[in-house]
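Residue numbers (this note's numbering), protein chains in the order written: chain A, 1 to 317; chain B, 1001 to 1297; chain C, 2001 to 2245.
What the hints contain is simulated information worked out from the structure, not anything from laboratory work. What you are looking at is a predicted structure, and each value in this text was computed from that prediction instead of being measured. This list has only true hints and no planted wrong ones.
Straight-line C-alpha distance at most 27 Å; calculated DSS-like pairs for lysine-lysine:
hint: 1; chain 1: B; residue 1: Lys1172; chain 2: C; residue 2: Lys2121
hint: 2; chain 1: C; residue 1: Lys2127; chain 2: B; residue 2: Lys1172
hint: 3; chain 1: C; residue 1: Lys2121; chain 2: B; residue 2: Lys1169
hint: 4; chain 1: C; residue 1: Lys2082; chain 2: B; residue 2: Lys1172
hint: 5; chain 1: B; residue 1: Lys1169; chain 2: C; residue 2: Lys2127
hint: 6; chain 1: C; residue 1: Lys2082; chain 2: C; residue 2: Lys2067
Chain B side only, calculated, beta carbon under 8 Å to chain C, not exhaustive:
hint: 7; residue: Arg1178
hint: 8; residue: Ala1179
hint: 9; residue: Gln1182
hint: 10; residue: Asp1183
hint: 11; residue: Val1185
hint: 12; residue: Met1186
hint: 13; residue: Gln1188
hint: 14; residue: Ile1192
Even for Gly, the Cβ is constructed at its ideal location relative to N, Cα and C.
What follows is the residue order along each chain.
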Amino acid sequence: MSKRSATVYWTGFSIILALLIVAPLVLPEFWRRFVTEILIWGLLAMSSDILIGYTGMVSFGHSAFFGLGMYGAAAALLMVRPPNLWLAIVYGLIGSAAVGLFVAYFSTRLRDIYFAITTLIFSQIFYVIIFTWTEVTGGENGLSFRRPPLAVPGLFSVPFSPETLHWFVLAVVTASYLILRRITQSPFGMVLQSIRENEARTRAIGYAVERYKIVAVMLSALFAGLAGVLYALQNRFAAPDFVYFLVSGETVIFNVMGGIGTLVGPIVGAGFFLLLREAFSRFFTEYYLIPVGVIFIAMVIFLPQGLLGFMRRWLNQ
Amino acid sequence: MGIEQILAAIPWETIIIQTVNGIVTGMILALIASGLTLIFGIMDVVNFAHGELFMLGAYIGVVVMATSGNFWLALIIATLVVALLGAALQITTLRPLLGRDPLTTILATFGISLVLQNYALWQFGPVARKIQEPFTGYFTLFYLEYPWYRLLIAALSAAIIGAFWLFLKYGKYGIWIRATTQDRVMAQAMGIPVPWVHTGAFAIGAGMAAASGVLFGPLVAAMPAMGVDWILKAFIVVVVGGMGSLGGSIAASIFISLLEAYASIWVSPAQAGIVSFVVLILTLLFRPTGLFVPTPK
Amino acid sequence: MNPDATPMQPLIAVEDVHTYYGKSHILHGVSLHVERGEVVGLLGRNGVGKSTTLKTIMGLVRPSRGKVLFAGNPISGLPAHKLARLGIGYVPEDRRIFRLLTVMENLRTGLDRHGVTEARKQELLDKAFAYFPVLAERRNQAGGTLSGGEQQMLAIARAMMLEPKIILLDEPTEGLMPRMVSQIRQIIDVLQREGVAILLVEQNVPLTLEASERIYIMEKGVVRHHAASSDLQVNDAVIHQYLGV
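Kindly produce the complete structure, drawing on both the sequences and the hints.
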């Protein structure tokens, strides 16, 4: 990135970060939670962007990664006493990684539409398993648990307040963004984009496309699982609803609305969608998806590059 | 254990009943999947909204039944209305996307499915509505009183699929559809108005989905979310049957439905649903081009 | 549009057409014309844009600049199916018959048009079978089971079902045995007798020189040479230069 662009970028980044830090201090409770939710869904959408925007693999499987992250965290928080924050994260990541391996295997053998449909069906498989295996997963009712304290073993332990939870989420999401940005701008990321442009040519040049795809899927799964852990922390319950393929669908909507291939676009897309949902709920109550759905369709047709699509080249320098 | 004991331990009656059930469900699934296959085969569109077209067919059936009391009228009107709706949707949202990344059509039809589902929720509420069977009446199948109506559904579905197959094989427009499916570009060069063939095919597929909805209505109540389960099964069927193969989809529909019917002898229906997922995974692992399609040389 | 309104206009006129495939600039300003009933040859090495020129005329590819006129009326931008109905027939490289349709069904794709009586359809079919008896024999066989030469005949017969005023023939003798090549030559004659114009793209120079009245030679997306075929001979310097024969 040229010096001037870099300055502009980092200035923008810092301003937004500052705003987000200050948010819980000035916003009423409802909107504070709203911002935190945008961040969590944004992380999920970002993880999906690695596959859709950078590698060119459309996946409807993110609800499985997200859900397993959530249930993994639930498992840690319910089975291990005293409830440990870091263990929850680890369990969650293991859960989503396991699903990730499963999906990654198929990613190398299927292309395009077949892959998309198959990931969709996988989400549903996990949904059915979680929904029916009541003894372990609590079935329809899900699992509820207590939020663990923010603790570094041996140093301190302090329960989360709404503000500190928000900052924790912000820290995790920001760190994830920076890591993913670093990765997408690295040689590895370049190969992913090359796979997106023209898989056959990339393979012909000599890259082991399958390996790159597997890593991309695992990366995507890990960060999606992380989002699931954060969601569990915030809401203190895990429910099968979040493993339903609709969540995957909404994730893809966030990506498209915000602009795929930009990493930050999906977060904006998540925010945009949630805002629209809020706004339309006032008038249409629970049928807000009718107007929001129409807007989404219109965007797919007329604005396929999404809200931030025009910035894509610049953001990826 | 001797042979007689093993044979006696197998619940033959239940198996035969489940076979009939499996075929009935399979025929409905085949009708839905045929529409999906037609649409995919001819324009490479994965129609996510197909389940909702099925659902709307059921609801229109409910409404027409409520006002006229005539089941057959309901079937015809629902099919026509949804076919027209399908044509309208294809013209407004799918034509502009022709030639673009296939992902966009998946997204667009996904958006349509959301809108239609919530529209139904808004108009009809979440409470299930039933369609009256056109005639009641049972015959005794072993220890069960088996409704004639179920056999009628299977027969009608088969008839519709058969009529469709004949149309494809012999009708002028059937040839247009087949030519366009094989080679869109040459079809155009031969004067076939391909954009309209696409619209027509989408409308036919939609109509078939709606017909399934009406036929299925008396079995299961109409609900806004009813399309969702069926669309997933239909996708599985289309992949297992070989994407774009009509015969394959039909065979796969019956195959999977039978397996699930047998499975539900021993496990709950929700868990029997996993059967179709397992079949899909096995197909993808060992015969990804489709179970019922000859392996390409 | 009245194709017969202006008898002084060429049947097909291509004026300074530029065509792109994605970012590749294939045609750099091609101009040529074909009169009614004429056989015009288009020669050039592989990749110079001969097929693209035909595709542009047929409306399968849109030119980014320039005009294509049919009997004086602009047609660039019209969809291919409209052009087929106006009277432009297209026989592509690789024939591209509908492999899963029978021979009859392939022919029907051209026959089933608005305003054609059943009697006329039967006439056209009879004519096709008279010119290509092998197709009559195989009329209920799937197109994919025919040999290369038979497929070529089917592709031409299919285009003839449109009752076209001009047929765009893209490398009809490619991959065919010499016996079949002469059969193609005869078919070109037949078409000319019927009053159908032909724009013939070929690699086979002697055949083209013999069959055509005029020749265009293309190189790198433009027409470099234009002459009456009677002025050209197979071993002319010009032929050597652009075709490396």
